[in-house]
Amino acid sequence: DAKTTQPPSMDCAEGRAANLPCNHSTISGNEYVYWYRQIHSQGPQYIIHGLKNNETNEMASLIITEDRKSSTLILPHATLRDTAVYYCIVRANTGGFKTIFGAGTRLFVKA
Amino acid sequence: NAGVTQTPKFRILKIGQSMTLQCAQDMNHNYMYWYRQDPGMGLKLIYYSVGAGITDKGEVPNGYNVSRSTTEDFPLRLELAAPSQTSVYFCASTNQGFRVNTEAFFGQGTRLTVV
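Residue numbers (our numbering), protein chains in the order written: chain A, 1 to 111; chain B, 1 to 115.
Worth flagging that the hints you see were computed from the coordinates, not collected in a lab. Nothing here was measured: the structure is a model prediction, and the numbers come from that model.
In silico lysine to any residue, SDA-like type, Cα no more than 20 angstroms apart, as pairs:
id : chain 1 : residue 1 : chain 2 : residue 2
1  : B       : LYS57     : B       : THR20
2  : B       : LYS9      : A       : HIS40
3  : B       : LYS44     : A       : ALA103
Given these sequences and hints, build the entire structure.
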């Protein structure tokens with residue numbers, strides 16, 4: 001699986017959009033971009049994933065650049081409960097979930 | 001559905017003791033995984049299983065053993081506990097390794113301290 005690079009921490013004001021970047025310049029054609037988050041040492045929670053098209057669900061939006069070398073997770077209206085560590089993962093759709101979680105981005109949402 | 005259930009939530013072990021971390025899932029998932037997470041770090045894969053009777057090593061298997069006698073259960077065994085095994089352990093499961101939309105479900109973790 002391709003390696004990802006994320007900023008170690010970010011701040012966001014409550015009610016504003018949180019934009020979390022991820023670089024994955026070595027991504028292969030069959031690899032998907034997944035985002036998970038981990039709130040206060042709980043188990044990681046799935047947020048969203050995509051291949052090359054932008055994706056949106058009830059939690060977030062995922063914007064993937066045309067060359068697929070980077071992506072941005074957008075939380076449109078961040079709340080205090082969105083304070084967490086966010087992990088960007090790149091993996092193929094085969095071989096189970098033998099994936100590597102990096103250190104992620106620690107997002108602080110402030111009132 | 002309960003999802004992925006881990007027991008115990010907390011445990012303190014003395015050096016050299018052994019214990020088994022329990023993990024059970026009720027989603028009939030084929031794949032199950034054990035990760036460890038050290039403070040401020042990401043998750044590292046210890047062992048995984050693609051089905052009952054089949055297990056394989058991940059990144060950091062030394063000091064651990066696993067078994068998978070049923071689809072539901074995937075216990076992690078620590079023999080001769082060492083301080084380096086102080087960590088938070090997460091169990092996870094996925095439906096099928098070859099599906100496109102494979103979402104991993106994680107348990108709430110077991111916080112282990114070896115003193």
